[in-house]
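What follows is each chain in one-letter form.
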Amino acid sequence: MTKYTDQGKQDTRSGYGAGMTELGRTNPNVVALCADLVGSLKIETFIEENPERFFQVGIAEANMMGMAAGLTIGGKIPFASTFANFATGRVYDQIRQSIAYSDKNVKICASHAGLTLGEDGATHQILEDIGLMKMLPGMTVINPCDYNQTKAATIAIAEHHGPVYLRFGRPKVANFTPVDQKFEIGKALMLNEGTDVTIIATGHLVWEALIAAESLENQGISAEVINIHTIKPLDDKAILDSVKKTGCVVTAEEHNYLGGLGESVARVLASNHPAPQEFVATQDTFGESGTPEQLMEKYGLNNKAIEEAVLKVLKRK
Amino acid sequence: MPNTQELQDLVVQVRRDILRMVHKVNSGHPGGSLGCTEFFVALYNEVMELKDGFDMDGIGEDLFFLSNGHISPVFYSVLARRGYFPIEELNTFRLIDSRLQGHPTTHEGLPGVRVASGSLGQGMSVAIGAAQAKKLNGDDHLVFSLHGDGELQEGQNWEAIMYAAGNKVDNLISTVDRNGQQIDGATEDVLPIGDVAEKFKVFGWDVLEIEDGNNLEQVVAGLKEAKSRTGKGKPVCIVMTTEMGNGVDFMMHTHAWHGKAPSDEQLANALEQNPETLGDY
Numbered sequence: 001m002t003k004y005t006d007q008g009k010q011d012t013r014s015g016y017g018a019g020m021t022e023l024g025r026t027n028p029n030v031v032a033l034c035a036d037l038v039g040s041l042k043i044e045t046f047i048e049e050n051p052e053r054f055f056q057v058g059i060a061e062a063n064m065m066g067m068a069a070g071l072t073i074g075g076k077i078p079f080a081s082t083f084a085n086f087a088t089g090r091v092y093d094q095i096r097q098s099i100a101y102s103d104k105n106v107k108i109c110a111s112h113a114g115l116t117l118g119e120d121g122a123t124h125q126i127l128e129d130i131g132l133m134k135m136l137p138g139m140t141v142i143n144p145c146d147y148n149q150t151k152a153a154t155i156a157i158a159e160h161h162g163p164v165y166l167r168f169g170r171p172k173v174a175n176f177t178p179v180d181q182k183f184e185i186g187k188a189l190m191l192n193e194g195t196d197v198t199i200i201a202t203g204h205l206v207w208e209a210l211i212a213a214e215s216l217e218n219q220g221i222s223a224e225v226i227n228i229h230t231i232k233p234l235d236d237k238a239i240l241d242s243v244k245k246t247g248c249v250v251t252a253e254e255h256n257y258l259g260g261l262g263e264s265v266a267r268v269l270a271s272n273h274p275a276p277q278e279f280v281a282t283q284d285t286f287g288e289s290g291t292p293e294q295l296m297e298k299y300g301l302n303n304k305a306i307e308e309a310v311l312k313v314l315k316r317k
Numbered sequence: 001m002p003n004t005q006e007l008q009d010l011v012v013q014v015r016r017d018i019l020r021m022v023h024k025v026n027s028g029h030p031g032g033s034l035g036c037t038e039f040f041v042a043l044y045n046e047v048m049e050l051k052d053g054f055d056m057d058g059i060g061e062d063l064f065f066l067s068n069g070h071i072s073p074v075f076y077s078v079l080a081r082r083g084y085f086p087i088e089e090l091n092t093f094r095l096i097d098s099r100l101q102g103h104p105t106t107h108e109g110l111p112g113v114r115v116a117s118g119s120l121g122q123g124m125s126v127a128i129g130a131a132q133a134k135k136l137n138g139d140d141h142l143v144f145s146l147h148g149d150g151e152l153q154e155g156q157n158w159e160a161i162m163y164a165a166g167n168k169v170d171n172l173i174s175t176v177d178r179n180g181q182q183i184d185g186a187t188e189d190v191l192p193i194g195d196v197a198e199k200f201k202v203f204g205w206d207v208l209e210i211e212d213g214n215n216l217e218q219v220v221a222g223l224k225e226a227k228s229r230t231g232k233g234k235p236v237c238i239v240m241t242t243e244m245g246n247g248v249d250f251m252m253h254t255h256a257w258h259g260k261a262p263s264d265e266q267l268a269n270a271l272e273q274n275p276e277t278l279g280d281y
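Just so you know, the sequences run in chain order E and H.
Going by UniProt numbering, the first sequence wraps up at 317, each residue one higher than the last.
Going by UniProt numbering, the second sequence wraps up at 281, each residue one higher than the last.
Calculated directly from the structure, the hints in this document are not laboratory data.
One or more of the hints may lead you astray.
[Unchecked claim] Computed Cβ-Cβ distance ranges for the label pairs, DEER-style:
1) H253(H) x E49(E): 57 to 63 Å
2) K245(E) x G109(H): 22 to 28 Å
3) R316(E) x S98(H): 46 to 52 Å
4) H160(E) x G109(H): 17 to 23 Å
5) S98(H) x E52(E): 40 to 46 Å
6) G231(H) x T26(E): 31 to 37 Å
7) G60(H) x K245(E): 54 to 60 Å
8) G231(H) x H160(E): 31 to 37 Å
9) Q7(E) x H107(H): 16 to 22 Å
10) E108(H) x K304(E): 48 to 54 Å
For each residue, glycine too, the CB sits at the ideal point set by N, CA and C.
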């Protein structure tokens, strides 16, 4: 199986911060907004180097989304950032009307998504944001898997005209994608070719999928691992090509199984090539306080859960 | 610059447009539209510096954002008569396949509209963003916005009001249409808004009032006065008192015509009170 090496654990939000630093130096139209969470979003360097291009809005996310929409009028490319919960659910109507329906070139950049926010608990652990955002017509939805990919995605979305939801997280996780890998919106990445089962993973679950695939290989099961970083538009072809070969699929995401990547994959399969599917995702529940590792274990979102799902789906082939 | 009589003629013609648009499709919001007719006519024909044609970025010209999007009839009529799109297109208001949606939107590419509005309380934030973009671009033109008084019940406004003052967004002129009415009745009965001018003042805005927002000369003077107060470190607010349904006697002094179209007889009566001036579409 293809070997991946952790280049040293880093948080994906720092990838966002590094991407913003680079954009600040290379694209004069990029502006940043933040709702009292500068340190959490890791954009200190961007602010330090471009103070006139930073808008601190305070704890006022609705105003931030509206201002971001307005800043596009005049050619700015606003990156509006806060925690995923406050970047989506709290301001859904502002995003819907002032950004998505108005086709504004706003990048909604959301940190601390999912359970791995940890100890703050369910008030802050949104597990519904992918669903909320992918349902908006015209919205691009991206959930990168590590520091390098988040940095590359941040830089790539500045070149894409239209609203984007970029989702990343808080904890330090394995950083394993190549540092110079080009980020292509909507293009799935083949991480490991296999023949028995397809594992389609996004975000923090990609590394877990690779660990699971290695363990499965030791049991004589050949797992294909695909990294879907763009949930919308979805790379239908990559999914279908793989599942036509393997005949079954496991999807893995740090999100509710309702509305997430799994449902998007199921739609593609149901319409084109029905196949058994298992969902590694939260089961229509809120999270709770705990360490990220404890939560991922309790809610079935780690490599062990993926492995079990593979063994289950293989029996349904 | 048009003279006062020409503007007054335009006011009457816009009223006719509003009434005929709403009547044709038996839906839409005539009350607030009629109340703000003088404001729109003055703004687009006497106050704002506008380029020919329309581009979304609007660099090098003043911008306007309508936050209370339900008064789209007056917005559309004034945009059409200012030359943004053919006047005949007013005939398509609220019809299927029209660019003149029930509430204004950019989605169908109608020239003159820069953001969707209708879900209330969002326009001031957008206007602030556009005003900040102007500053970044070194563009010394202004951003205007209009808000209903009932709309101030939406909390997002107060986030925006606080932001604009705290960050010295002094190229912004936000007008509040103080007609005292909303769908369920008088604003002070539904949820009291109180002294709007005082509220903006304590938030740090420079505030002026237009006592009769249906007096064209007062509106022009008020808007010009507001312009003269920009660039001085404070956002400018105009509290403009208007009469909903102004110009049609049976639509005034009530909230009944907020979102109701006139019957055939009522339309005839209303049009008789506003004789054709510049030609119906």
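These are the hints, each one checked on the structure:
Checked against the hint of 57 to 63 Å, the C-beta distance between H253(H) and E49(E) comes to roughly 58 Å, which is consistent with it. Under the hint 22 to 28 Å, the C-beta atoms of K245(E) and G109(H), about 44 Å apart, miss the expected range. For R316(E) and S98(H), the hinted distance range of 46 to 52 Å is satisfied, since their beta carbons lie about 51 Å from each other. For H160(E) and G109(H), the hinted distance range of 17 to 23 Å is satisfied, since their beta carbons lie about 21 Å from each other.
For the hinted restraint 40 to 46 Å between S98(H) and E52(E), the CB-CB distance of approximately 41 Å keeps it satisfied. Distance hint check: the CB atoms of G231(H) and T26(E) are about 32 Å apart, consistent with the given range 31 to 37 Å. The given range of 54 to 60 Å is respected by G60(H) and K245(E), whose C-beta atoms sit roughly 57 Å from each other. Judged by the Cβ atoms, the range 31 to 37 Å given for G231(H) and H160(E) holds: they are separated by roughly 36 Å.
Between Q7(E) and H107(H) the C-beta distance comes to about 44 Å, which lies outside the given range of 16 to 22 Å. Between E108(H) and K304(E) the beta carbons are some 51 Å apart, a value that agrees with the proposed interval 48 to 54 Å.
Hint check: violations occur at hints 2 and 9; the rest are consistent with the structure.
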